[in-house]
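Numbering follows UniProt numbering, in which position 2 of the sequence shown is assigned residue number 2; successive positions increment by one, without gaps.
These aren't lab readings, by the way, just hints derived from the structure by calculation.
Only true hints are included.
Label pairs and their in silico Cβ distance ranges:
1) Lys36 x Arg207: 30 to 38 angstroms
2) Arg249 x Pro137: 38 to 46 angstroms
3) Leu22 x Pro202: 20 to 28 angstroms
Capping the alpha-carbon separation at 16 angstroms, the derived lysine to aspartate or glutamate pairs in EDC-like fashion look like this:
4) Lys219 x Asp23
5) Lys36 x Asp12
6) Lys36 x Glu14
Using N, Cα and C, we set each Cβ at its ideal position, and we do this for glycine too.
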Amino acid sequence: MTMAPPPRLRLDVERDPGLVYLDNAGRTPLPRCVLKAGERALKRKVRPWEGMGNDADVDDVRARYARIIGHDNGADIALCPSTSYSMSLAAHNLVRTGVIARGTEVLVLQNQMASNVMPWQSACRRAGARLRVVPSPSRTWTEAILRDIAQDDARAAPRIAVLALPPLHWTDGALVDLEAIGAAKGGRVLVVDATQAAGAMPLSARRARVDVMAASVHKWLLSPYGMSLVYIHPRFHATWEPLEFHERRRRGSDSATWDEVGAMTRAGYPDAPVPG
Numbered sequence: 001m002t003m004a005p006p007p008r009l010r011l012d013v014e015r016d017p018g019l020v021y022l023d024n025a026g027r028t029p030l031p032r033c034v035l036k037a038g039e040r041a042l043k044r045k046v047r048p049w050e051g052m053g054n055d056a057d058v059d060d061v062r063a064r065y066a067r068i069i070g071h072d073n074g075a076d077i078a079l080c081p082s083t084s085y086s087m088s089l090a091a092h093n094l095v096r097t098g099v100i101a102r103g104t105e106v107l108v109l110q111n112q113m114a115s116n117v118m119p120w121q122s123a124c125r126r127a128g129a130r131l132r133v134v135p136s137p138s139r140t141w142t143e144a145i146l147r148d149i150a151q152d153d154a155r156a157a158p159r160i161a162v163l164a165l166p167p168l169h170w171t172d173g174a175l176v177d178l179e180a181i182g183a184a185k186g187g188r189v190l191v192v193d194a195t196q197a198a199g200a201m202p203l204s205a206r207r208a209r210v211d212v213m214a215a216s217v218h219k220w221l222l223s224p225y226g227m228s229l230v231y232i233h234p235r236f237h238a239t240w241e242p243l244e245f246h247e248r249r250r251r252g253s254d255s256a257t258w259d260e261v262g263a264m265t266r267a268g269y270p271d272a273p274v275p276g
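Use the sequences and the hints to build the structure in full.
The structure is reproduced here in structure tokens:
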């Protein structure tokens, strides 16, 4: 995987002349332009009768994240409250649709970020599957992962159903070549927690044949806490279900009469999802 260096940026952030801040990979300072955008958004609540924003704002965020991960359609991007939530959504549906089943395995890395491990632990327990942990390698993570895939392919009945991986290991920045792994994955589902990479290094969900790619926005996406953006491959759109059930993003729920008296039938409220 060939990576061009990112452009050198000088962000307009709060500075303290008495210290050098070294934890940008953990929590980036919020640029002043983002702070101003947040203030403008909060001020909408001061005058709620003027509206609280519209789908254009959300669609703009989705389109921007799609570009960052090398995808061409913002409609394939969802907004979630965290990356662990995004991974829980994927794990839930891969169990529900039988991808993760008794006897299958979910591959993760030793000491991988918990947000992309714990949802799979729970999924494996529910399905009778096994968490397969790749130990810290003597050379590279990519070689170790490809070796596990090759060993699994040599079985009469391969067991690895899901590859839950990062583009780089959060403990030391060691790279994982997602494109090489995507080329070797076969029919396995590739789920990526790109929180440590999105906005800081080139990514291509398309070239890496990624099925799910989530990123929390508080690191290199230079945003506040409390949101994850997640790409979900279109082939899952018709069969996956949400983790929560409410009126948001349901067909007709933006109508002023949707929840008035009489809108609810004996079957409940209309709950067909809005495409995308």
